[in-house]
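Engineer: Using the hints, position chain F against chain H.
Heads up: the protein sequence lines correspond to chains H and F, in order. Under the numbering used here, the first residue of the first sequence is numbered 23, with each subsequent residue one higher. Under the numbering used here, the first residue of the second sequence is numbered 1335, with each subsequent residue one higher.
DSS-like, lysine-lysine: derived pairs with alpha carbons at most 25 Å apart:
hint, chain 1, residue 1, chain 2, residue 2
1, H, 235, H, 261
2, H, 272, F, 1473
3, H, 94, F, 1628
4, F, 1473, F, 1628
5, H, 135, F, 1628
6, H, 237, F, 1473
7, F, 1628, H, 272
8, H, 135, F, 1473
9, H, 272, H, 135
10, H, 94, H, 272
11, F, 1628, H, 72
12, F, 1473, H, 196
13, H, 94, F, 1473
14, F, 1623, H, 135
15, H, 237, H, 177
16, F, 1473, H, 177
It should be emphasised that the hints constitute simulated quantities derived from the structure, not laboratory data. None of the values given here were measured: they were computed from a predicted structure.
The residues making up each chain are set out below.
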Amino acid sequence: MQPSSATKTSSFFASKKSRRIDSSENTVPVELRDVSLRFVSYHDKQYSLKRAAMDLVLRRGETMSTDFWALKDVNLSLAKGDRVGIVGHNGAGKSTLLRLMARIYPPSSGTLKIRGNVAPLIEMGAGFNPELSGLDNIMLNGAMLGFNRRIMATKVDGIFEFTGLREFADLPLKYYSSGMYTRLAFAIATEIDPDILLVDESLGAGDAAFAEKAKARIQGLLGRANVVVVVSHDMSALKQLCDRGIWMEKGRILDDGPMAEIIDRYLEHTASIVA
Amino acid sequence: MSAGDFTDDPSPMNTRTTAAPPHTEFFPTVETTNWFPRLMGGMADDLLELRRFWPVVTNMVAQELRVRYQRSVLGFFWTLLNPILMMGTLTLVFSQLFGESPKQYAFRLFSGLVPWGLMATSLGECSMCIIANEGLIRKIYLPKLIFPLTRVLINLVTTILSLGALFVLFVPLDARFTLPMLLLPVVLGMFTMFSLGLGLIVATLNTFYRDCGHLVGVFLQAWYFATPILYPASRFEGVSWMLWVNPAYPFIQLFQDVIYSGTWPSLSLFMVAAGIATVSLGVGYAAFKCNEDKLIFRL
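Chain H extracted, bound-state conformation:
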């Protein structure tokens, strides 16, 4: 099965209608259709052959795991230039949705289409090696985001300029402070000009001056028609950054609309629960 040859025939015989779909497909960077994610959490991560054999002999049933639907029938499509803020209570599936878009979790069912480069800022310093110098880490992190050495070399200057870490370029990362760490991670993820930037709660990291710089930089990214998805509990930041809001509850999308409206409704709802 070669996808390329299948492509040729299908586009050759494609009707007018499907061509239209093709063109529209190319413009929708993120698309989720009926995506569900079943989370299986194993009580015993250290499951062993020994245990398996004993379970078999003693005829113990498989009570080793519990599963729940972290995401259920999520339909979502994000257009270029969308700045999306996701709100919801803890455990609503916000971060899981972000991880799904970053391909960290595979969907259990449904279709997920991501077109373009994804830069996940989900956990700070993902893919950093503390033993390596700052410069080497930029190269490594760039490679993990899909950019080779040659391309990254052209971006190194910009990264150092933004973070102000040039003098520490040769210092192993383990000697960096957590603020420096965060700055570097953020700068790499944004400097590579991702098509899709996923940010999880990390806007508050770093000092106030950096937080301002970070917001300005995300706004700059938006100008270049990219998709930004932000998960945060900081409503004022969301209001400032995003124009589209998504409210998640129990793994489902409860509401989708302009950011300010969603925030109002969400806060209203939260207040009603507390009261």
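Structural biologist: Using the frame of chain H, we list chain F on its own:
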């Protein structure tokens, strides 16, 4: 985009549909296709992914080697000294036992032991590679294949280095370059394929059953003694079927032919080895791919 547009999707199954823009990433639905087309379509996608993430592989291999050799001034020297000392000891003991000349014995031992080290170390490291990279796997998307691949490649590089250096050291032991040695890269390539295939299986198994790593160690030890490395294959006279059920034997025999005897290996032996390497890699790949999506929930 409305839901209806999806059903008009012209592709026969949910693989890549449109002429792919540079960084297209796409997930086929997990449940709608059966395993065979998924595997074949997946293979093409995997090759594309590996090409895209190749800088990560080279980066990780280079780092690991640098860390390994940078720490001690004598870094590379130690990786040489270890096999030399081991070979010295084994030669001292076994050449007496088998009544062979130490020079001959040491050279034959070297031609089998160094390649064996490639497989043994690779398998040991592969069994841990997914668990050891948990931090990475849970934070960022990387094709999981690169973890076993990186481990095997690192060991391939060290094996090539020690083969080269040891060979020079062994010149006093009547080691000389012969024409069949030109086959060495091919044989080494096949053996690497074989090791990678087994490594993929072990990596999958050990992530699901955490005690597999220990079993692998014990199993490798037994396998080592069942393979004619310490002793000549002629010991198996009369029970030669025991050699041919050992999938590592053709490779070790090839290495010994090419390095030690300096003879052209027989075509049948060569073909058998190539076949075993292909099957191993195929089975390993299929086992790994079928479980790849489940790995993250087991970490």
